[in-house]
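> All chains, full assembly: derive it from the sequences and hints.
Residue numbers (our numbering), protein chains in the order written: chain A, 1 to 109; chain B, 1 to 446.
Keep in mind that the hints are not guaranteed to be accurate.
Not everything, but these chain B residues come out facing chain A in the computed CB check (under 10 Å) [claimed, not checked]: (1) P128; (2) A176; (3) G177; (4) Y180; (5) P183; (6) P184; (7) E187; (8) R297; (9) Q299.
A partial selection of chain B residues facing chain A, derived with a Cβ cut-off under 7 Å [claimed, not checked]: (10) A152; (11) I178; (12) P179.
Each pair of labels, with its calculated beta carbon distance range [to be verified]: (13) A/A20 to B/Q299: 28 to 38 Å; (14) A/A20 to B/R85: 29 to 39 Å; (15) A/I72 to B/G197: 23 to 33 Å; (16) A/A25 to B/Q299: 24 to 34 Å; (17) A/Q2 to B/R85: 38 to 48 Å; (18) A/I72 to B/R85: 35 to 45 Å; (19) A/E88 to B/A171: 40 to 50 Å; (20) B/D228 to A/A20: 38 to 48 Å.
Rather than coming from a laboratory, the hints here were simulated on the basis of the structure. All figures in this text were calculated on a predicted structure; none of them were measured in a lab. Backbone N, C-alpha and C fix where the C-beta goes; we use that ideal spot for every residue, glycine too.
If you want the building blocks of each chain, they are given just below.
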Amino acid sequence: MQFVLFICTDPTGEPYDETADDVGAWFTALQERGTHLAGDRLRPVEDATTVRVRGGERLVTDGPFAETREWIAGFDVIEVADLDEALEVAAAHPMARFGRIEVRPVWPL
Amino acid sequence: MEPAPRTPTGATDPVAAALGRAVATDHARIMAAVLATVPDWQLAEDALQDACERALEAWSRGGVPTSPAGWLVTAARRRGIDLLRRGQGRAATLQRYGTSVERGMLDTDPEPEVGDDRLRLVLTCAHPALPLEARVALTLRTVLGWTPAEIAAAFLATEAAVQKRLVRARAKIAHAGIPYRVPPPEELPDRVDGVLGVVYVVFTAGYAGTGDAGLMTEAVRLARLVRDLLDPALPERLEASGLLALLLAQRARQDARLDEHGAVVLLDRQDRSRWDHGAIAEAERLVDEVLQLAAHRRQPVGRYTLQAAIALEHVRPATADATDWPRIAQLHALLARLDDGPAQRLARAVADGRAHGPRRGLETLDGVPEGARTYLFHAARADLLEAAGRPDDAREEYGRAAALAPGDLERTALTDRQDALGEGRAVGRRRTRADECGAARGSAPP
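Have a look at this one:
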């Protein structure tokens, strides 16, 4: 099953500590297992642009679609057996401590 | 010792009665066996429903089979595979299992083995990816075989709402990829904890909510099942035993808890001869066993076991006056390391007050956050202030408690205490109804 991990910031998480950020090791371990399909960091929300088409008219606005204190800082697409394995992979990501991770199954067309 | 599981009402016809018995006693076993072949929860549910309908007809004609549960499993598996073949499963299920259906790999055995697959059933129903109320509904439906109407009645919800909750939960199991398995040992503590949480919710709904004795009995049955399904060597089994002991100890007082008008009788005034002493003895045995094993394995004692030990301290003495408050305070101190929530702290404060004097009780109460100061908090604090010889403060505190009291009965009890203190007149410690109310409610439910 494919899952997308939305790597989110969360003010209730532990304060970010660069020395404890072992995302490289996390990534390497997944690659070795053949579990990681795609993923990257995302530029901060200041660099986000939202587009909408309303009544045939294209509307472009600055910023994310919702103003919140939490935003998506990255994403990963993984291939695992089931939700439990996806949760195990997500829990090992450093941002599970500094922020939080939303785990969503891919819904193939 | 255990009362028989729920027997469906109105089943005068022997065939319907046999079916009802099979479903009520063996639902978990049947459903687990069906799910082993038909991996979609909704499809398995529908297939079993269908099998039950067919059973009524077939058994009326050909007699009740020697193994009604085995018959139901075979019929439900056949129906489920049939539905799968006709493409009625969810896309997600078909994607994962569709090929094996085509290849006939999911065919029914001629003699289905109704083995014991119940642990993974119980654990999956309580998966943390499901919302708590869905876990509760799914457990009652799938493990204990309750109908949605019975669940609705017990939890004061509509049948439609319960149905919707169940359908959504089954859909999430399929779509979110919730596995049907017993998790590896490192995940087991959390998962068993989740199951015990569901058992506790079921019990509390009967104990504190609807006062439904059947619900409590079913919670005890579920607690017993969970305990029996866990290997005795597993560390998680200790808390399952602790929870069973807690439920037994609390339910043991059920008959004496309410008077003929349905009003709560406080612990001190309950007729102790009406308690279920067999259940209390079993709870004692369980707690002793857990404490021994925990000491032997150097494993910390869990919260349910500690709560059970506290409940037993309240019921062990022959009279309320003989209660060993220092021991209760000690147990509360241990429990506070695991759970220091407002309700727990309130109970601990009452025990501290009784064991070590009102000042200690007041100190413990100070830790209850402002937002969590219920009428019980103020009632307990007023009582402690009165015992500490601070009548003016106590009077004020009774006023706060009375203002927040949920009903007239409670309010009157509090204003009576307030009035008894008089205007600026020091009154010695005397025990009245609200005093006992605070003590009994605080440390163990009445």
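> Which of the numbered hints are not met once you compare them with the structure shown?
8, 9, 10, 14, 17, 19
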